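Sequences listed follow chains A, G and C, in order.
Quick note on numbering: the first sequence equals residues 1 to 372 in this note's numbering.
Quick note on numbering: the second sequence equals residues 1 to 333 in this note's numbering.
Quick note on numbering: the third sequence equals residues 1 to 246 in this note's numbering.
Source of the hints: derived by calculation from the structure; they are not laboratory data.
The structure displayed is predicted, hence computed values, not measured ones.
Ideal Cβ positions, reconstructed from N, Cα and C, are used throughout, including at glycine.
Hints may contain errors.
Partial list, derived from the structure: chain G residues whose beta carbon lies under 10 Å from chain C [as the list claims (entries may be wrong)]:
hint	residue
1	Ser194
2	Gly199
3	Tyr203
4	Arg214
5	Gly220
6	Met224
Cut-off 30 Å, straight-line C-alpha distance, at most; resulting in silico cross-link-like pairs (DSSO-like, lysine-lysine) [claimed, not checked]:
hint	chain 1	residue 1	chain 2	residue 2
7	A	Lys151	A	Lys75
8	C	Lys191	G	Lys197
9	C	Lys67	C	Lys49
10	G	Lys197	C	Lys67
11	C	Lys67	C	Lys110
12	A	Lys231	A	Lys203
13	C	Lys191	C	Lys128
14	A	Lys357	A	Lys203
15	G	Lys197	C	Lys194
16	G	Lys197	C	Lys230
17	C	Lys49	G	Lys197
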Amino acid sequence: MRTWEGWRPADVGWPAPKRRPNMDVIGTFVAVGSDKEWEEYMIQRRSFLGLMGAAGAAAGTGLLTTQAALAQDKKFTIALVPGLTTDAFYITMHRGAQAAADALGQDLLFQGASEWNVTLQVPVLDAVIARNPAAILIAPTDKVQLVEPLKKAHAAGITVVCVDTFIGTGVFQTGSGDADFPISYVASDNVLGGVMAARALAKSIGEKGKVYVSNVKPGISTTDQREEGFKKEMANHPNIEILETQFNDDDANKAAAQVQAVIGRVPDLAGVFGANLFSASGTANGVKQAGKQGVVKIAAFDAPQSVVQELKDGTFEIVIAQHPAEIGYFGFVSAFAHLTGNPVPTLIGTGFTVMTKDNIDDPDIAKYLYTG
Amino acid sequence: MGPGVLSRIADLRAWIFLVLLLIFFETWANVAYGVTFIGNTYNLQSIGIFATAPLLLALGQTFVIISAGIDLSVGFTMGLAAVVSAHVANLGMSHFGLNPLLAMLLGLLSGIAVAFIPGLVNGWLIARLRVPPFIGTLGMYGIARGAAFLIAGGMTVPVSNEWFAYIGNGRIYGVPILVIIAVVVIFLMHYLLSQTKFGQHTYALGASRVAAVRSGINVGGLTMRIYLLAAVCAGLAGALYSARFTAGAAQAGEPLLLSSIAAVVIGGASLFGGSGTIAGTVAGALVIAVIEYGLVFINVEPFWQFIAVGVVIIISVLVDQSQRKLLGGRQDD
Amino acid sequence: MTEPLLDVRGVSKYFGGVHALEDVSMDLHAGEVVALAGDNGAGKSTLIKAISGVHKVDRGDILLEGKPVTYESPQQARDHGIETIYQDLALADNLSIGANIFLGREPKRKAFGFLPVLDRGLMADAAKETMRRLDFHVDRLSAPVSAFSGGQRQAVAIGRAIYWNAKILIMDEPTAALGVPEQRKVIALIKSLKEQGKGVIFISHNLGDIFAVADRIVVLRRGIKAGERKPDETTGDEIVRLMVGG
């Protein structure tokens, strides 16, 4: 298994999902839709990526490019409001956004709640709006409940970009609905992540056997999409049976008991997809307690430093690492691009890296581990 | 004789629930899959391990609830202890050159020791400053959580120590070490609650603070010790979490708080204080673990788990209330 | 004349500018019941709190068996044999009679020769014996006191005091919350305490109870002792006049 960069659109079953006509996976360069959409999209993409390059150049040489120079007399403050501040994923995203801010010579304001909770995030958002930044990058903690609070920002002339999670449908700037005002949604394509986990897991269990998804709880856009992608891809593997999904409330103890119970009923369980950190680590412990380590293969989502050891000792077969720093970086750059009059794609998908025990020592892979 | 027998049954309700649940799952497993549920030691081991962490929190919480208090901070006290024990075990090996066994012991003890801080602060707020327990421990919930996340740096703290992993995952004659530790703590807590002045005074405090004061009990000191005990139980749960998952996580105990309170209530304690037993709490924790494990085992749609636990809590509270009415109706005999 | 058990001499107590008690004196002998009468705010509570160690007096002396005493806490007063019995909130309702009698002073025994455990047998025996002394016969010794009637609970509170050898019992409205048959039982209880040589100070609004059981009646009005009478030398009307003035 190589890194995600080795994948081609055909490998991941792309461009099947029509629901995202102008999806742009930075790096693999995947786009779908009609020829006309393609044309428009290419134009957008070129200018956008040009700006990305500009940001890189600015970082390298300390010179501002033409586009950035437009903003020279006015320094923008762009805020990042994460889903929670205490998670390695968002901490890494913050680093990415800071890198973009430094490269573009702009200011970043990082403010969030310590817990994934609407009632804690909204007051933080209100306080950020009160400081009147030029743009807000936000990982909304709820698709619906954050719409009204963000409308206030939009009404105050603040550019809104969704990162990691979204409001409404996640399809923006369509002119329909009351939640399409954010200019862009920048995130890992979680459906794609689920697809990649499924492919890797299918391969490691020899394309046959029973598997299930250990998930947090229904209603979280990202983990729902990972499950969706996983199940969709597994449908292409006729000898693999998918069992009932188990929800663990982000409790490793419960995830462990669930896999033990499933093994009790289904002794020939072949693999589990842990859709987030605690789903995966709890499942791994349950498998160990059941004496099935190495027999029941686990694909884990998210990559804190500890997965290095867990891949090496066989706890995890596969780890799908998101690129949160890229989300922060591209989120910041797209906000800046919009503020400086450049067109921005309404949907920007960042990539993944598939980590295994064979590639984890490669610095190009290890750089995608999340750091605090 | 009628009310006496009924009240005895009400006291044993958690155990009766447990037996009924086991019969239910055994029957279903036999009919649907042709396998045994309770006859399989694998299932019993799995349920034992599953119940350990919420049970440890619930044991400490039993004293708090009997004293008419509540401790909302135990979940993050557990997380704090998990993170600290993982860190200290690592430091013990990397900085002090301890062998893995000593580093493991130091790590576990540090996890328990750090829990003294939230325990003493809770006790001080509630006993000396007379802050209502709900508010005082809610404040500590935030503080312990912040401290845990700060120490962890937003990450889980992995531990690489074979002794740590052994405590968390090893078995002695097929019995998980975690379960052995839990059983020892159960007996200790049962002794404390039923056979010592401390336990007796905890009941008195829950029934009437004024009566406890008038009886010459040092209510402030008693309150301090009750919250300290709850925190130490959470500290042990956190240290064992790190051992089991070979990583400390700040949010380790957060999802366990509500099920630990539910275990105490199902076990027969009243949230108004004054009643509850260790045996009841043990049964309450097992009821929750058996429901959640059993429903997965027989492959029932996951959402039924929430409904089942909710129904058991409500039945339990209803039994408690009718028992009170029963006693209340016997004023003159 | 024997030395009084309790001698209160010229006691005053001020709360800020309020004179709660002004130069009040009274005494109590063993085997005697003194009723404390007065309207609300007359100073009855302040006086018994001064005697039982809750308040320190600003002027005057309290002598116990001839020796002047000052108590830092109610616990110290209790250790010297002065027990206060409140009409409610005196018991832990969820504990047995024995556990209530011993609350705060639980006896221990060694299980298996080494493990200290509560001696429930001793507590139950003491409960049975104490209740028998008070002429209340109970058999359900492991039942919580919430299972008993108001009069029985009052008896438990009194039983606790006499078990620990209280010499002086201060009873605050002991009959207020009870039905008529229960009130009679408590009055009988007070008489039996008197026969056992205890000194009883007894606060009541009920003139019937006062005349039924008291040896002397001390009347307070606005912090001042308005008078002291023997029941057979006075009438209810006179006591009421002393209470309300005029």
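Hint by hint, which ones does this structure get wrong, listed from lowest number up? Violated hints: 5, 6, 8, 10, 11, 15 and 16; rest satisfied.
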